[in-house]
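Residue numbers (numbering that gives the first Met the number 0), protein chains in the order written: chain Z, 0 to 331; chain A, 0 to 286; chain X, 0 to 448.
Don't read these hints as lab results, they were simulated from the structure.
Because the structure is a prediction, the values reported are computed rather than measured.
Under the rule of at most 20 Å between Cα atoms (straight-line distance), these lysine to aspartate or glutamate pairs were calculated in the EDC-like manner:
1) X/263 / Z/175
2) X/426 / Z/88
3) X/78 / A/229
4) X/258 / Z/175
5) X/62 / A/229
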Amino acid sequence: MTTVLAPVGEAPGTARTRPARGGRRSPSRARWWVVLAFLSPFVIGFAVFVLYPVAATLYYSLTDFQAGSYRPVQFVGLRNYRALFTQSDTFWVAVRNTLWMVVVMVPLRTGWAMLTAWVIIRVKRGRAVYRTLFFLPSMVPVVASALSFIVLLNPVGPLNRLLGWVGVDGPGWFSDPAWSKPSLVLMALWASGNVMVIFSAAMLDVPRELYEAAELDGAGALQKFRSVTLPAISPVIFFALLTGMIYTFQYFTEAFVASSSANATSSSNDLIGYPANSLLFYSTELYRQGFAYFKTGYASAMAWLLFLVIFAATVVFIRVSRRFVHHAGGGR
Amino acid sequence: MSTLDLTRRHPRTGRRLLYLLAEHAPAVAVALCFLLPLTIGVLTAFMTQHQAGTGSLWPSPWEFGNFREVFRAMPFGRDLLNTMLYAGLSTIGVVISSVPVAYALARLRWRGREGVFLVVLAAMMIPAQVTSLPLYVMYAHIGWVGTLKPLIVPSFFGDAFSIFLLRQFFLTIPDEFTEAARVDGAGELRILWRVLIPMAKPAIAAVGLFAFLYAWNDFYNPLLYTGNSDTGQTLAVALSQLAKNGHQNAYQLQMAASLMFLLPVLVLFFLAQKVFVEGIALTGVKG
Amino acid sequence: MFKAITGATAVTAAGVLLLAGCTSTGSTSSQPDSAISPGASHKATTVTVWTFNHLPNEVAAFKATLDRLHAKYPWLTVKFVPNKDDAAYAKAVAAGDPPDVFISSTPDNVAKFCYNGTVTDLSPYLSSAKIDTAKTFPPATLVYTRYQSKQCALPLLTDAFALYYNKKMFAAAGITKPPTTLAELTADAKKLTVKNADGSIKTYGFVPRSDYDVNRYLFVGAHSGTSFYGKDGRTTFASDPKWQQLLTWDQELIDYYGKANVQKFVGRYQPHADDAGNPLLTGAAAMEYDGEWHVGEIATEKKDFDYGVVPMPVLDGSSGTYGTGSTLGTVAYLSAGSKHKQEAFFALQQLTTDTTFLNTLADTVYNIPTTFAALKAWDKRDDPHWKPFVDIFENTHSSYKAVTPAGVEDIDTWRAFLLDYEQGKTKDAASGLATVGKKIDSLNSESGQ
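Work the whole structure out from these sequences, hints included.
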């Protein structure tokens, strides 16, 4: 990149009077105040809505701050963290549940999206119709889909009735601690249309020649998938797994709504995690501590830990995936 | 007659039918899985209180009054207005604030550009939970809790995901277009407005649609800031509370309300399908 | 460009220091803490009252009384806002704009609000108004409205819990007398259990699982002759062997039906505890532990249902305590951030001590009035379904548990342990009890007790 010194002291917008000779600045550096002007929304937004809260969360986590309390705030050092690790059962339950979801739901969802994408591209006519149908559920507001799954998976509801017709005794789904998370996984699979769309686009992008070459080598369908399709779509797999993982670490709405419907007379805050804390995830526990109990300092410790974990997990994930992700044609 | 008979009697049509079946069968099977929950939901919206939630698969009798009943059971109109305000205003805010930032990141050359882009990427990953506690305290201090302001105002300061999308798109536009304008002596703002934005209409549309969808479906933030408000609730939160305000287990009302909540999104989707799908492809396929 | 970032960081640092120093502004008011006498004239004031109630009939009952209040004391206008739970109240306090009076359904938070200074100590107002709490309110209500010799809240209606049973099923099974001990309860439950032809259970005698409906109040001490906290404020789970006996009873009855069957029952009927699908009403259960509001619900949902109410059986060996029960209720606070404390206390006083209001509200929401005077005048106290509850409430040994600044966390921890035990995740009752006791104790001391 050659650097040509920009004429100093010229304000943007006076361009029309500038002589053409001196006006060419490419590939030159833009003037810093122009850049700043364009960046300003993000800079202000980042400072106020990201930097400040993240720093403040760290600060709160070292105090016994309780929003709404009239007691003076005291610095308590690592006491909140110690309480989280050694004295809180619910913290570890939340961690376990969240990890369960990450390990189970994210790969399943990615795999299902891949499968449905593959099903779709097999269809030659009417593909758009199927694509619409598969994609639609991912656009439904999460609250609405959670409520309709609660109706569908009612212990005496439609799905169990259908299962009864084939002689299967359906489980309690959302009401049974052993089945509540799998029910959420089902819901996630149903709403995976947006990931499917990306997969189908990527699969269609794979050059025909690669498949033909593989066929010449005598590869069967499965071989072709393994040696041609998978590497070609590996960036998408990586993307889907990474974003799925980040999403699941913050998993909130589905769990909150599913639990709150268990009993009509208890308030939603009392039902967080129902049944039997099986739907107690990290962010719903955080919400409960921070906005139902208003133990702001304690919840901030949880929030800060979440921040660190997501950061670390992302870095590790990217490092590990570098070995597996195949970038055809130069990559980034 | 069975397909086998067909194949024997009319080999060509029979075989074609078999191929058709093989081609469509898996897709149909998957389609049924996707359709089932929504279908049950829709059907339940037409059931009576007595029948809803009992496992019945078909309304009998058909109850068309549930939709009207929803308006009696909750301030649906007001919540709808709040939701539209939130979604509409924040979409506008996201678009007008993210475009310039993406422009600076993609079309201007300056030291530290990649660094700031990394910051944008990092901002995309920060979960709402990490920032919501201090933000809540801050909003409480300035009296914004209970209003829609904490939901709308931040969107006027750039959205990391939208910036990312737009930047990716801007990068694909060849230099020649902007260089020609620069040679003509145009300033950056003019280039952005006259050259890039018209070319980036699909990407901007996608960004706007995503922002609208995100705000329409948003549950966590409205729960925090207007969840207990008398006047500021949005549909997502109000819907989740519908079953608790004396309408215990009124699944038919919940489903009717959900359908009405869902409708604008569906309409938007059908009108702008192509934009959606292309927009999603933008996020994932290339780096 | 890093200039911009450094600038942003500087702003951030300033912001953190500035806003982090903010706590809710304390009540710096120099308002008198004496009560207004009813006869005195007063300048017109508007007092805000929030409550958790949201059902239309309850809201209507409140509004009617507040209208009467306004008619009687024209200077007092009450702005009434329903459907606010404790979290909503805490949010308002955090925003610096709390209601003057707040009526809460969670007495567990009394000590927490008191400790945090969120609510005012009512003692000076009460003594100025010449109200002797011990003579006005039954002792059970004073347990959960006081903390460290402060009167943090006043009781406003209460709940009591007892055993409901299906009289027809009792007759069919040949049971002439309702059980008075838990062992008898188990025996009767087994007799009342009816199975379908395919072996599945048609009618459960009694399902004790702690997370079903209000069964958690079976396990807070009143029915086992134990007390949640001892005199030293620490849990008694490890030291009192009766807790183990209680858990053993619980486990035996659950195992009789099988854990899977009990899970099915709870999963199926939990959402229907308060509507016409309640298992007692549909015949899926012969006996049920429930609160007094259920009487009103049954009257609405199944008027001719033939049922009886008796005090909940107690642990064998504690028959001396038969007739007591868990009692806890709604409480009314006076916010420390209120700008009209005197007027607010006046409204509070009327709401919690006016006999007509209490009884009307009690009739509407199917609760029990909370003053001696109101109880004496209550028209329901001799109704065969209501009398057992009134007796339980007036029994001097009925209680809930002492409240701590940990709010609901102590009872939530206890409930989580109970469920773990009932589901077989914790096998050893003794060590489990010791562990959970220690946990709750450290929870309390962490919270400032």
